[in-house]
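So the sequences go chain by chain: A and B.
Read in our numbering, the first sequence has 1396 at position 26, and its numbers run on one by one without any break.
Read in our numbering, the second sequence has 240 at position 239, and its numbers run on one by one without any break.
Hints are computed from structural coordinates only; laboratory data are not their basis.
Just to be clear, a hint being listed does not mean it is correct.
Distance condition first, Cα-Cα at most 25 Å in a straight line; then the derived DSS-like pairs of lysine-lysine [to be verified]:
| # | chain 1 | residue 1 | chain 2 | residue 2 |
| --- | --- | --- | --- | --- |
| 1 | B | K125 | B | K138 |
| 2 | B | K125 | B | K308 |
| 3 | A | K1572 | B | K308 |
| 4 | A | K1572 | B | K125 |
Covered stretches of chain A, as calculated for chain B (at least 3 residues, CB under 8 Å) [to be verified]:
| # | region |
| --- | --- |
| 5 | 1554-1562 |
| 6 | 1569-1576 |
| 7 | 1579-1588 |
By construction, the Cβ of each residue, glycine as well, lies at the ideal position given by its N, Cα and C atoms.
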Amino acid sequence: MTEQVTQDSEPTQLPTELTVSVWRRFRKNTPSLIALIMLILLFVVGMGYWVLHLNDVHWPADPTEPDPPSQFQSPSIQHPLGTDDLGRDVLARILLGAHVSLLIGFVAVGISVTIGVVIGSISGYFGGWIDTIIMRFVDMMMCIPTFFLILTVAALVRPSIWYIALMIGLTRWMATSRLVRAEFLTLRTVDYVQAAKATGAKHLRIIFRHILPNALPPVFVSAVLGVSGAILSEASLSYLGFGVQPPDPSWGNIIAGGKQYILDAWWLIVFPGMAIFITTLAFYLTGEGMRIALDPKETKHI
Amino acid sequence: MSSSNGHIMQIRGLKTYFPIRRGVFSRIHGWVRAVDDVDLDIPRGQTLGLVGESGCGKTTLGRTILRLIPATAGEVHFDGQSVFDANRSSLRNIRRQMQIIFQDPIGSLNPRMTIEAIVGEPLKVHRLARGRDLRQKVADLLQRVGLSSRYLNRYPHEFSGGQRQRIGIARALALEPRFIVCDEPVSSLDVSIQSQILNLLADLQDRLGLSYLFIAHNLAVVEHFSDQVAVMYLGQIVERASADALYRNPAHPYTRTLLAAVPLPDPHIRRDRVSVPDEIPPAPPAGCPFYPRCPQAQDHCRAQRPKLQEVSPGHFLACLRAK
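Isolated chain A (complex conformation):
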C-alpha cells in the first residue's frame, strides 16, 4: 500500500484554522477594519466611562448633576461639545450614554439570536408539519407592528435598560430564525451530513457538530448588523420618552431633551446624532466586512 502513497500535490498551505483565513480576508477590507477598531474603542471607552461614573470619577464634568450657571454654553475647551439646558456637559452625557446603547444593542441581539437559532434549527432540521407551524407563527409575529408593541409595553412598565433590551430582543428574532431555517434546509442535504447520517450519528450530533457550525457564519453577520437596528430602536424609544428615563442619559433622550432648543443650541442635537450615526455605521461596516470575509465566493477584497 505504501507504494501507492498519493502523488497528488502536497497540501501547500500551512495548517490554518478557518478563522485565521477569515481574519486575513477581513483585514484587507480597510473601511471594515477601521469600523471594527472604532467599535473596540467605543466599547472600551463607553464601558470604562460607565465604571468610572459609578465610582464618581467624572470628565470633563458630572454628566447627571445640573449646573445652572453654565447652561447653553457652545463648545469650548472646558466643555468640548457644549452644555445643555441644565448646564450639564454634553460630551460627558454622550460618553455615559454609550454604555446604554452598547448594552442594549448586544443584549437585545443576544436574546434575538438565541431564540432565532433555536427556533430556526428545529424548523429547518425536522421540516414537515413542525416547520409549517413554526413558520406560520413567525409570519404572524412579523405582522405585529413591533415598535408600537414595544411602546405599549413601555408605557405600562417602568422601563429599565434590561427591560428595553428584552423587549427589543423578543421582537427581532424572526429574521434570524428564517435565516437559520434556510441554512438548515440547505445543509441538511449536503453530503457530509448524509455521511454522518449513514454512519448512524444521532440528531443532536448532526445538528451541533455538522449543521450548526456551518450555518452560523451568516447568522453572525446578521447579528452584527442587527446591533445597529437595536441601537436605533433604543434611541427612538428614548427619544419618544419611553426608553431610558432622565436624568440618566442615553443618546436618544439627549436629543429629545435638546430638540426644543435646536435653533439656539445646535450642539445638543448634532453631537448625539453623530454618535448614533457613527456607531450604527460602524456596526454595519463591520458586519458587511465579515460577510465578505466569510463568503468564499467573494473575491473583491482579496
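Given the coordinates of chain A, work out where chain B should sit on it, guided by the hints.
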C-alpha cells in the same frame, strides 16, 4: 451466506417517488418517479456497476437502499436483514456495515472539522475508540488509503480533490463495512487521479472482501471496474448482465446508445452513431419509458411496459423487441 444466496443486498420492487407540490397550499400535483420498481441483487464480494444518464435515479437508488432517503415502496434486505423495517438499534448495527463514498470531494467533508475528526467520527459514534487509541486508528485508516498521518490536524480545504476523495474513503472504511455505495467516486477527478482512486478501491475490495454498488455515468470506467452492470433509464433497470456480456453484446437500444457515446482513444476508427433526441421527452404512462427516444420503437412499445426478463443465462433485459 445461506439466506441470501451469495447476494449481500437484495432489492425488491423498490420505489422512491418525490412529490411535486404546487400552489398556495402546496398540494401534491404529481410525482417524480426517481426510482420506479427496481429489482436488483448485489453480489457478495463483487462490484455491481450502475450506469445511466444524469437524472435517471442512480444516486437516489444508492441513497434509498442506505435509508438516507425514505423509500415509497419496496423492500431492501442487507444480508437477509430488512433495512427499512429495522428499528433504531438494529439500523445502527446495519449502518456499521454499509457505507457510502460521494461524488463531490468538496461537499462530502465538513469544512469545519479536522481530518482526524472527520475520519474518526464513525468510530466515535459507535463508541469503538477514543483518545490516543482513536488517533492511532485514524492514522492507520489514512495509511490504508495512501495518506500520511501527518495530515491529522489539517482541514479539508488544504487538500486536493484526489486527496479529499481518499479521506472520504478512509471515513467509509472506519467501521469496517462489508458493502459500500460508491456514488460516482471518480467523476469529478482528473483522469490521472481517477485511475489511482479506482486502483485503491479495487485493492481494498481484494483485501477486505468488500462489495460495491458502483454508480457512474462513464461506461468505460464501469467496464474496467465492475463484475456485473445494470443500466438504468428513468428510474427503471432496462438491462442487466455480466460486464463482459453487456459490453460485447448489448441488447437494449438504450444500452447501445450509451455505448456508442463512449469516446474511443483512436480518432481513425469510424463507427455508426446511434443517436437519440437529447431531451428526455415524457414517456407514455403505460408503455416503455424509452419509447419516445427509441430508434426501434414499435406501436406496442407505447402501450405495454416491458418487464425485466432473462434472455440468456445471467442476461436480463426489459425490451419488447427482444423476444
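List of violated hint numbers, smallest to largest: 2, 3
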